[in-house]
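Go ahead and model the full structure; you've got the sequences and the hints to work with.
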Amino acid sequence: MRMLASLGALALLCFGSVMCQDTMPGDLEAELTKRGGFTQILALLKGAGLLDTLKMADNITVFAPTDDAIARIPADTLAAVTGNPTELQKILGYHAVLKDVTALHRNGINRLQDKVVMSSNNLPIRINVYKSVHSIAAEGVNITERAIRVSNGYVHAIDGVMMPPTGDIVEIAVADGSFTTLVSLLTSAGLVDAIKSDMNITVFAPNDAAFAKLDPQVTAYLTSHPEDLK
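According to mature numbering (1 follows the signal peptide of the UniProt record, and there is no 0), the sequence shown holds residues -20 to -1, 1 to 210 in order.
Because the hints were derived from the structure by calculation, they are not lab data.
The model shown is predicted, which means the values in this text are computed figures rather than measured ones.
Just so you know, not all the hints are guaranteed correct.
Here are the simulated lysine to any residue pairs, SDA-like style, with alpha carbons at most 20 Å apart [claimed, not checked]:
1) 14 with 3
2) 70 with 145
3) 26 with 66
4) 14 with 32
Simulated DEER-style distance windows between Cβ atoms [said to hold, decoys possible]:
5) 79 with 185: 27 to 33 Å
6) 6 with 60: 28 to 34 Å
7) 36 with 167: 46 to 52 Å
8) 101 with 192: 16 to 22 Å
Where a beta carbon is used, it is the ideal one built from N, C-alpha and C, also for glycine.
This is the structure we're talking about:
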């Protein structure tokens, strides 16, 4: 009886060990390699010297473009980025959050809310939840698979590459060159600093062509009455 009990205990121990091996996820590289479809992002992370950093970090959240997403990048654009280590690290670092974004992998879509999280290089990533179409996006890029578990966090597959913001809203509008009327009106109304200081806003920005369709008297009124723009 004693021998049978010992054998039973050993069997349970071995069974439990096998179960643990089956359920414990691998690290970022091992898990994504096993799943397939992430060869390119793993190669880019390794080439930029970021893969080991992410593997050793605690409670990471990674937004990982699939191979199909990276394949859609024009070859000359990809070559230019990979040939610029600083820019490559900035873009790849923007796809990692060095904290556990718990709500994103634990909650069903109906319990999620729009939010902003900070990337590993301290830039904002806007998460939008579209409940009516059962879709979630990070910086406008669709999350195609949520909550791929790795040993030190979670990965969310995305169908595009997120580009880090390069300036505030006003700077982007000025650099574009097709929003001169809007920028002029914002300036005259004293709204430039207010827009610049609020990181979590969305602006629906009419371009110069849109303003050109207005009655000239309307444009003249807006220009001469900045107080009505607020």
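Results for each hint:
1. As the CA atoms of residue 14 and residue 3 are separated by approximately 14 Å, the hinted pair is consistent with the 20 Å bound.
2. At most 20 Å may separate the alpha-carbon atoms for a hinted pair to count; residue 70 and residue 145 meet this at roughly 10 Å.
3. With a CA separation close to 14 Å, the supplied pair residue 26 and residue 66 stays within the 20 Å bound.
4. Restraint check: the Cα-Cα separation between residue 14 and residue 32 comes to about 17 Å, which is no more than 20 Å; the hinted pair holds.
5. Roughly 32 Å separates the CB atoms of residue 79 and residue 185, a value that falls within the hinted 27 to 33 Å.
6. Judged by the Cβ atoms, the range 28 to 34 Å given for residue 6 and residue 60 holds: they are separated by roughly 33 Å.
7. At roughly 48 Å, the beta carbons of residue 36 and residue 167 sit within the given window of 46 to 52 Å.
8. A hinted range of 16 to 22 Å for the beta carbons of residue 101 and residue 192 is inconsistent with their spacing of about 39 Å.
Violation of the numbered hints given earlier is confined to hint 8; every other hint is satisfied by the structure.
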